Amino acid sequence: AQKVTQAQTEISVVEKEDVTLDCVYETRDTTYYLFWYKQPPSGELVFLIRRNSFDEQNEISGRYSWNFQKSTSSFNFTITASQVVDSAVYFCALSEGRRSQGNLIFGKGTKLSVKP
Amino acid sequence: GAGVSQSPSNKVTEKGKDVELRCDPISGHTALYWYRQSLGQGLEFLIYFQGNSAPDKSGLPSDRFSAERTGGSVSTLTIQRTQQEDSAVYLCASSLNAGQGNYGYTFGSGTRLTVV
Chain A
54 AQKVTQAQTE ISVVEKEDVT LDCVYETRDT TYYLFWYKQP PSGELVFLIR
104 RNSFDEQNEI SGRYSWNFQK STSSFNFTIT ASQVVDSAVY FCALSEGRRS
154 QGNLIFGKGT KLSVKP
Chain B
52 GAGVSQSPSN KVTEKGKDVE LRCDPISGHT ALYWYRQSLG QGLEFLIYFQ
102 GNSAPDKSGL PSDRFSAERT GGSVSTLTIQ RTQQEDSAVY LCASSLNAGQ
152 GNYGYTFGSG TRLTVV
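From first to last, the protein sequence lines stand for chains A and B. Mapped onto my numbering, the consecutive letters of the first sequence carry residue numbers 54 to 169. Mapped onto my numbering, the consecutive letters of the second sequence carry residue numbers 52 to 167.
Derived by calculation from the structure, the hints in this document are not laboratory data. Not one of these hints is a red herring.
As a list, the in silico BS3-like pairs of lysine-lysine whose alpha-carbon atoms are at most 25 Å apart:
no.: 1; chain 1: A; residue 1: 56; chain 2: A; residue 2: 123
no.: 2; chain 1: A; residue 1: 161; chain 2: B; residue 2: 108
no.: 3; chain 1: A; residue 1: 56; chain 2: B; residue 2: 108
no.: 4; chain 1: B; residue 1: 108; chain 2: B; residue 2: 66
no.: 5; chain 1: A; residue 1: 91; chain 2: A; residue 2: 69
Predicted, not measured: the structure shown is a model, and the values here were computed from it.
For reference, chain B alone in the conformation it holds in the complex:
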């Protein structure tokens, strides 16, 4: 697509429920990044994919968080048993490639998650 698309744009969920957030990167971009923006906390890196592989998952805040990417394209960030502290805007970005030089990043508009 022309830009990075994220869905849903807004999600309200009850504490304890699971949620899935979707990111559709720019076609041809092999690198995909997830960030979380909590109120007053700035932007926090969560995980990245090069192709379908996620070499470093250490940025995920807990084992309730997981992410996958299939076909080198769409990625899904899953949060299990949501907690109120998970409320944040989740941003996805894609880049032509990861590492070895820098090709810039294109961000999606984010998913605003509210856990009630």
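With the rest of the complex left out, here is chain A:
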């Protein structure tokens, strides 16, 4: 069965600290896609990254970086030098490639609070 687990419900850090949000997924498909979304207090889901199962290269985008490890079925997200504007709920999600519908399976989300 497909499943996404975000074990951290809430994380609180002080500005400029680094923080890592964990994501563990389960799927039987060999082709799948992993996503991270940010949901600020305004409620809109903001796309951050999409990664397919054949690309295990880590990715860095400014202060954001992602560590994809198929061996541990994890797709962790690190924010370096966190800022107050990073405060939001972050969702990890999975889409299986061979299924016909392509819907996203979301984790429960991690609420990140960055304090000044």
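Once you've looked at the hints, dock chain B against the given chain A.
Leaving out everything else, chain B in the frame of chain A:
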């Protein structure tokens, strides 16, 4: 349109009344998805459309929920005889196509439904 548009943005309704939620996807996107975000429950997949067809309705929480899509564009999610547990944010997303590869998703801002 430029983005996914949902209306209304907020809806307060009395228990037992019917409501209709509308989603206008990005022009040219053939796949459309409905999700529900309840407080503390994460994002739950409800139904998807490929064109006007909804192959899998098993995600709908009860037979009070139905959805349709006409002209391969606008979709309406209808909840009949609303209950308090239906209170949630209903999110719509569209994608270029469903299945066979993954083209990413664009989310609307959601409709916040409150049943009193």
